[in-house]
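A.B. asks: One letter stands for each residue in the lines below.
Protein chains: 2
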Amino acid sequence: MTKQNLNDCYQRIAPYIHKTPVLTSSLVNELVGAEVFFKCENFQKTGAYKMRGATNAIMQLSDEQRVKGVVTHSSGNFAQALSKAAQSLGVKATIVMPSNSPIAKKEGVKTYGGNIIECEPTIEARQSTADKIVEETGGTFIHPSNDLDVILGQGTACYELLQDYPNLDVVACPVGGGGLIAGSALAVHHFSDNTIVIGGEPFEADDAYRSLISGKIESNTTTNTIADGLRTQLGHHNFPIIKDNVNEIIRVTEEDIIEAMRFIWERMKIIIEPSSAVTFAAILREKNKFKGKKIGVIISGGNVDVTNLPFNI
Amino acid sequence: MTKQNLNDCYQRIAPYIHKTPVLTSSLVNELVGAEVFFKCENFQKTGAYKMRGATNAIMQLSDEQRVKGVVTHSSGNFAQALSKAAQSLGVKATIVMPSNSPIAKKEGVKTYGGNIIECEPTIEARQSTADKIVEETGGTFIHPSNDLDVILGQGTACYELLQDYPNLDVVACPVGGGGLIAGSALAVHHFSDNTIVIGGEPFEADDAYRSLISGKIESNTTTNTIADGLRTQLGHHNFPIIKDNVNEIIRVTEEDIIEAMRFIWERMKIIIEPSSAVTFAAILREKNKFKGKKIGVIISGGNVDVTNLPFNI
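These protein sequences, in sequence, are chains S and E.
Whatever position you read off the first sequence (first residue = 1), add 2 for the working numbering.
Whatever position you read off the second sequence (first residue = 1), add 2 for the working numbering.
In silico BS3-like links for lysine-lysine, alpha-carbon gap of 30 Å or less:
1. K21(S) - K295(E)
2. K94(S) - K70(S)
3. K293(E) - K21(S)
4. K112(E) - K94(E)
5. K289(E) - K108(S)
6. K94(S) - K112(S)
7. K289(S) - K108(E)
8. K296(S) - K21(E)
9. K112(S) - K289(E)
10. K289(S) - K112(E)
11. K21(E) - K21(S)
12. K295(S) - K21(E)
13. K293(E) - K112(S)
14. K21(E) - K293(S)
15. K289(E) - K21(E)
What the hints contain is simulated information worked out from the structure, not anything from laboratory work.
Work the whole structure out from these sequences, hints included.
C.D. replies: Here you go:
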């Protein structure tokens, strides 16, 4: 995907998204020994960067496709993002959600006008239920991360960051399905010459880390992580982009994630979700690598269940 | 205090404080039926507006006074603010804290170099211990709210807000000791012709509400509120300013406070403390009064114990 593709994508979706603020903290900078610029997608519509890719994917559909609606399966942020993006664009969205999805997430989807179809809580049931809806309605299936239009849209967060801070040494973001890091890597590739891209990933869901080492897509052996947004599997559209443009993926423990999340909550007074804390945890874990650098950190989202937090320890 | 006093105060303290951002939320605006501008003092140094008044009070001391240090009693945000302000200005701060103060607050004071003297957890012990230190050291006692230089400093949050948003119909903030609302009322008085000032106060600590009605300083009969910053008593320096310049104080229940706090956390993704939620709760409680208005809401702080939140209900 070209520089022009990314420029066009940004112009296309800009009226439907927030240009999110970039925050800094002298305490964070002292702790890391570097300058950290937090791109706050937790302040994005629906509370996560997913709004960007969802909007772009729907806007790339033909009029005929739009009439038939869009379909996805997601129990997380993409479910709400696709619902909201579809609502903004006057398109019908059907969201396949596992029957055990948190009520708060289902309520979020309903708020944004998404039509929920429940399925058994297995990967197979999610895909087969979505396939069936596509067959019945003629709607277009949009994958939460393994889709080039989605990837391009997600890249606009980093695009905005680089417009405001063109001299970053490092851009860092979490790695789940790979949509955000692949999009960010494209933005860096096209818009910044001397910036490297770093990913953060839990040890408990380290498919991307192992894929980068082996050179082929590896599967998660566990997904037992508090970073619920990162339990997903790397896709074949994302991996080649990541392989070519991402320097390193740093893995973190569950304790690292909780500690980093708590630090950001307590010191910066912003609510970030565990998946977002993974990136800051990765930088803290290997902070000697980042001494004196200018680091852009994409805070991917802020959707947490405030009645069930990991701090009571 | 004059317009010039406030201008001078702002110029004086500006290098030592953050100019905090103003955030908006379309969800909030829809809910209230008005335009709400949140002045985010939770992002202020030490996590609360108290940094402003503490800095101004210390900067007004003579060189001789500075050498002998400053003294206060506080178990809350002013303890940390005075410590940090003193540290920035090379002045020694002694903080009298009740022995049952939360460890996190004591740690905060230590982080900023404050010297903690513990006392019995009674109002009398706090004042007598502080008096004794003043006598022994020759230090200057600085009251957390009932002090004209502190009031002037606190007013600079509203001063900044009015610089950025000169057409507000309403400025609203919480009322505890009265430093913030008195300072805000002065800023409105001098810098905005058509703006009214509204206070928010818990039913459980409604001394200011009752004082406005009776025309003289009333005492709290209870202080059994989650809004820990508002358990304090209105002072004789604050009350005359409030009486002349504040239109109304709206009281809220504990449930109102928790609900408003949760809404801001979940929808705006920022951490605000219960005392700050009181103001938004007051606006929600009487939202018919505010239809179509432009309302500046001062978010006073974001210091909460994340291991002990009120949402598990």
